[in-house]
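J.: Sequence:
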Amino acid sequence: MYFFVRKYISGQEDIEDVVQEIFVHLWKHNRQLQNAEFPESIIFRTAKQEIANFYRKNKMIFASDPEIIAGLEENGEEPDTIWKDENLTKIERLLDELPPQNKEFLLRNKVENISYLKIAEENNLSKTAVEKRINKALAYLRTNLHLF
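Position one of the sequence shown corresponds to residue 917 (my numbering), numbered consecutively onward.
Just so you know, these hints were derived from the structure itself, not from any lab.
Think of the CB as a built atom: it goes at the ideal place given N, C-alpha and C, for glycine as much as any other residue.
Heads up, some of the hints might be wrong.
[To be verified] Pair by pair, the computed Cβ-Cβ distance ranges are:
| no. | residue 1 | residue 2 | range |
| --- | --- | --- | --- |
| 1 | R961 | T1059 | 34 to 40 Å |
| 2 | P1015 | K944 | 49 to 55 Å |
| 3 | E956 | P1015 | 29 to 35 Å |
| 4 | N974 | R1009 | 16 to 22 Å |
| 5 | E932 | T1044 | 22 to 28 Å |
| 6 | F954 | I1007 | 40 to 46 Å |
| 7 | P1015 | P955 | 34 to 40 Å |
| 8 | L1011 | T1044 | 56 to 62 Å |
| 9 | K1026 | N969 | 36 to 42 Å |
| 10 | K944 | T1005 | 33 to 39 Å |
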């Protein structure tokens, strides 16, 4: 199980936590596992569910394994939709809380892909000043969103 989980999760402690959750789940449902025709499929399905739970708990989207995504979708959940519904309004609210110039610089740099230098020239500021404002805005979002 450890090596299976390691394919999808980095970080030793996170891997160990997920493996432990898998074994706890299997222990709770050991009668079903003993009576199953194909216990390996139950074990790996449980592993995929626990990996998905890990990412859901940490508000991460796991998009590189179609099987895990399919598992989420079977439960009536689309990962992108879940993330968007839970966080899009929160991001918009946090952006509105930023000082107007910081918000503008952040959006122009990250959304419109305009360089620090160009933003600085347009606003008669130094490149460092623009960089500091954008970094301050990003730090505020990271702190309050707990996502990045």
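J.: The structure should be examined with respect to each hint, and the outcome stated for every one.
T.: These are the hints, each one checked on the structure:
1. At about 37 Å, the CB distance of R961 to T1059 agrees with the hint of 34 to 40 Å.
2. In this structure the hint that P1015 and K944 lie 49 to 55 Å apart at CB holds, the actual value being about 50 Å.
3. For E956 and P1015, the hinted distance range of 29 to 35 Å is not satisfied, since their beta carbons lie about 56 Å from each other.
4. A beta carbon spacing of about 21 Å between N974 and R1009 agrees with the range 16 to 22 Å that was offered as a hint.
5. Checked against the given bound of 22 to 28 Å, the beta carbons of E932 and T1044, roughly 42 Å apart, lie outside it.
6. At roughly 43 Å, the beta-carbon separation of F954 and I1007 lies within the given 40 to 46 Å, and the hint holds.
7. Our hint of 34 to 40 Å for P1015 and P955 is violated, since their Cβ atoms are close to 58 Å apart.
8. Our hint of 56 to 62 Å for L1011 and T1044 is violated, since their Cβ atoms are close to 23 Å apart.
9. In this structure the supplied range 36 to 42 Å is violated for K1026 paired with N969, their Cβ-Cβ distance being about 30 Å.
10. Roughly 36 Å separates the CB atoms of K944 and T1005, a value that falls within the hinted 33 to 39 Å.
Comparing the model with each numbered hint stated earlier shows that hints 3, 5, 7, 8 and 9 do not hold.
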